[in-house]
Amino acid sequence: MSSCEKQLDNTACRAIIESAPNAVFVVDADTDRIVGTNEAGADLLDRSRSDIIGLSPSDLHPSGGSAVPDRSNREGRAASAADDIGYVVTAEGERVPVECSTSSMEIDGRALLIRHVRDVSERVERQRELRGFKTAVEQAGHAILLTDVEGRIEYVNPAFEAFTGYDKSEVIGKTPSILQSGRHDEQFYADLWETITSGERWEGDLVNTRKDGEQYHIHQTIAPITDENGEIERFVGINVDISDRKRYERQLEREREQLDLFASTIAHDLRNPLGIALGHVDIARQSAGDESLDKAIDALERMDAMITEILSLSKHGETVRDPESIQFQEAVERAWERVDTADATLSVVDSTESCTISADPMRFEELLTNLFRNAIEHCEDETAVTVGQLPDGHGFYVADDGPGIDVEPPNRVFNTGFTTSAGGTGFGLTIVEQIADAHGWAVSITDAADGGARFEFITDTSKMEDDVWERRSGGDRPRRLNWHWD
Amino acid sequence: MSRKESRPTSNDTVSEEVGLTDPDDATVLVVDDEPRLLGLYVAMLEDRFTVETAESGAEALEALSDDIDVVLLDRRMPAMSGDEVLDQIREAEYDCHIGIVTAVEPDLDILDMEFDSYLVKPVLQRDLRALVDGLLARQRYSDALNELLSLSSRLVSLRQKYSADELAANETYQELQERKADLEATAQAELETLADLDELAVIYRDVVGETIGGEDGE
Chain A
1 MSSCEKQLDN TACRAIIESA PNAVFVVDAD TDRIVGTNEA GADLLDRSRS DIIGLSPSDL
61 HPSGGSAVPD RSNREGRAAS AADDIGYVVT AEGERVPVEC STSSMEIDGR ALLIRHVRDV
121 SERVERQREL RGFKTAVEQA GHAILLTDVE GRIEYVNPAF EAFTGYDKSE VIGKTPSILQ
181 SGRHDEQFYA DLWETITSGE RWEGDLVNTR KDGEQYHIHQ TIAPITDENG EIERFVGINV
241 DISDRKRYER QLEREREQLD LFASTIAHDL RNPLGIALGH VDIARQSAGD ESLDKAIDAL
301 ERMDAMITEI LSLSKHGETV RDPESIQFQE AVERAWERVD TADATLSVVD STESCTISAD
361 PMRFEELLTN LFRNAIEHCE DETAVTVGQL PDGHGFYVAD DGPGIDVEPP NRVFNTGFTT
421 SAGGTGFGLT IVEQIADAHG WAVSITDAAD GGARFEFITD TSKMEDDVWE RRSGGDRPRR
481 LNWHWD
Chain B
1 MSRKESRPTS NDTVSEEVGL TDPDDATVLV VDDEPRLLGL YVAMLEDRFT VETAESGAEA
61 LEALSDDIDV VLLDRRMPAM SGDEVLDQIR EAEYDCHIGI VTAVEPDLDI LDMEFDSYLV
121 KPVLQRDLRA LVDGLLARQR YSDALNELLS LSSRLVSLRQ KYSADELAAN ETYQELQERK
181 ADLEATAQAE LETLADLDEL AVIYRDVVGE TIGGEDGE
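So the protein sequences, as listed, match chains A and B. Residue numbering for the first sequence follows this note's numbering, starting at 1 and increasing by one per position. Residue numbering for the second sequence follows this note's numbering, starting at 1 and increasing by one per position.
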């Protein structure tokens, strides 16, 4: 210690300044000129030391203003770490945010100011980023809250206040359980808590209660926030108000139920008078032998077929029972037997012999019979229907050699009630589309090689790459269907 | 609404021996809550059979007697459903054959229903006549064969609607399958004797075959 107490000489002072990690500028207090700096100072300003010596401190920020702040007392020994951020300008004219503190000392009778200048670009950048995130959170339309590891609320954004009706001050320090509606059991919250404390994100729909007691539906995401060691330090929760969506869903559900009821009522109410008309026409046909009555019988039977199909559409249109693995070829042949195929012929491409398909057997059969009927209705004479697998096993196709589909756009054939055939009900292909959709299959229409219609079903949509389409159909990707009913 | 019409008879020895109704002397009771449908059925059948009608389940039970050979029964009726009427007729052990004629597609609930035949509306004259003919023909068969035909009719309709796997999971269906096998064994000799009778061939083929919509509408 005794050696340290000795007065340091100039060389020693210079060495100390030189070794300082920050830029140091020594200013003669009387002349306001820089009389010394260090390597870090030259680096900061991107100038040579000789350029810097002799400048006034104000030259370091030529644009003026509040450039280098300094709260230090000229007489004081050292400034406290200055929070004020200023900037200096480099030789290139680049503004570098800095923080500055100043100490003063007297050496050989000269009053000197030692200015320590620290580059705080990174901190400023980080603060800018934080400001951005903070604003994003504050302005977000979703309710956002932060809690500590115990689940106590540390922060809520204005949207949270608006959604819940609670003021920030009322919820800080409380847990989100104040919002519980009682609509979920303890297990629900236990699962949620277990998920997030194990470091996983939890996502789900739940019902909460506002301050005024009103319940509302939210979609909530809760994620743990971890520190640099991976330890959970907080949780962030983001709540999207889905009350409107839920209301809409309920309304749709109700409308759907009404539609179902409507369809089945109509169907059953129509059936009786239709049956009576059909029966009497039939009796008249038998007794009078008037062949023109056959047309009336045909028409009435077609109406009955339409009623059956309306019922089929409204009842179980969108559902498939658990799909099972079924023998493709057997299913195709069984479906063919169900259809009044007259002179039509079926050929199943050999390669499908051992193929299986994952589908609801009954609905798959319904899909096939509708396609077969469609092919037969639209073709005159002996229709040849071909069924086979798509290349690479992505799915299957049903093609015929009839007139093809001369409809623009082709997927209009799937619309309810659309028919070009005298005997058609216009529901068959809608049913086809619906069944395909219920299985998650994509269906498209192309022209068959011999000019007929070809319906393709992609059962493995994950493998549906553009290049597959290109290879197969010579570059023209078949139209994807719109899945909406118009 | 009861009508009687006598028809020229062509008694064959079989029916005389066992005291069965000649098809042309047969009485059919039609039950439906829609009077116009009753009118239609009468019009379709009256030239060959005596047709009585009932507009409700209660009326049907009242009209029942041992003179009724065939009941054609609607399922969906107010107050008392056709299903209930069916149960009561069976419970009372009337010796008649029952054909369901309904707009309701057969579903799993028919497994327990002891009808002889099931026809879905709308019906044409030939379907209805074939149904009655088929039911009358069954008067000649043993109880075992009748039960076999009734069972087969139910099992086959369900095979149209459900997959083999789904049916395999249904206990009642499985029990009935086993029962059917037993009955087939019991009725074996009878089946062989009657094998050359056209009507049996027609009925039996339609019932046990994989297709619905045969002559008697099963």
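In case anyone wonders, no lab produced these hints; they're calculated from the structure. A few of these clues could be false.
With beta-carbon atoms standing in for the labels, derived distance ranges [said to hold, decoys possible]:
{"id": "1", "chain 1": "A", "residue 1": "R412", "chain 2": "B", "residue 2": "A92", "range": "43 to 51 angstroms"}
{"id": "2", "chain 1": "A", "residue 1": "G393", "chain 2": "B", "residue 2": "K161", "range": "45 to 53 angstroms"}
{"id": "3", "chain 1": "B", "residue 1": "K161", "chain 2": "A", "residue 2": "Y155", "range": "52 to 60 angstroms"}
{"id": "4", "chain 1": "B", "residue 1": "K161", "chain 2": "A", "residue 2": "I266", "range": "20 to 28 angstroms"}
{"id": "5", "chain 1": "A", "residue 1": "E337", "chain 2": "B", "residue 2": "E46", "range": "55 to 63 angstroms"}
{"id": "6", "chain 1": "B", "residue 1": "K161", "chain 2": "A", "residue 2": "F262", "range": "50 to 58 angstroms"}
{"id": "7", "chain 1": "A", "residue 1": "V149", "chain 2": "B", "residue 2": "T172", "range": "30 to 38 angstroms"}
A virtual CB, placed ideally from N, CA and C, is assigned to each residue, including glycine.
Taking 43 to 51 angstroms as the stated bounds, is the beta-carbon spacing between R412(A) and A92(B) within them? Given range 43 to 51 angstroms: violated, Cβ gap about 58 angstroms.
Between K161(B) and I266(A), does the beta-carbon spacing fit 20 to 28 angstroms? 22 angstroms, holds
Range hint 55 to 63 angstroms: satisfied by the CB atoms of E337(A) and E46(B)? 37 angstroms, violated
Does the beta carbon distance between K161(B) and F262(A) stay inside 50 to 58 angstroms, or does it fall outside? Given a distance of about 24 angstroms, which is not inside 50 to 58 angstroms, the answer is violated.
Lying within 52 to 60 angstroms: is that true of the beta-carbon distance K161(B) to Y155(A)? At 59 angstroms between Cβs, range holds.
Range hint 45 to 53 angstroms (beta carbons of G393(A) and K161(B)) holds or violated: The hint (45 to 53 angstroms, Cβ to Cβ) is violated, given that G393(A) and K161(B) are roughly 30 angstroms apart.
Does the Cβ pair V149(A), T172(B) satisfy 30 to 38 angstroms? The hint (30 to 38 angstroms, Cβ to Cβ) is violated, given that V149(A) and T172(B) are roughly 57 angstroms apart.
Of the hints listed earlier, those the structure fails to meet are numbers 1, 2, 5, 6, 7, in rising order.
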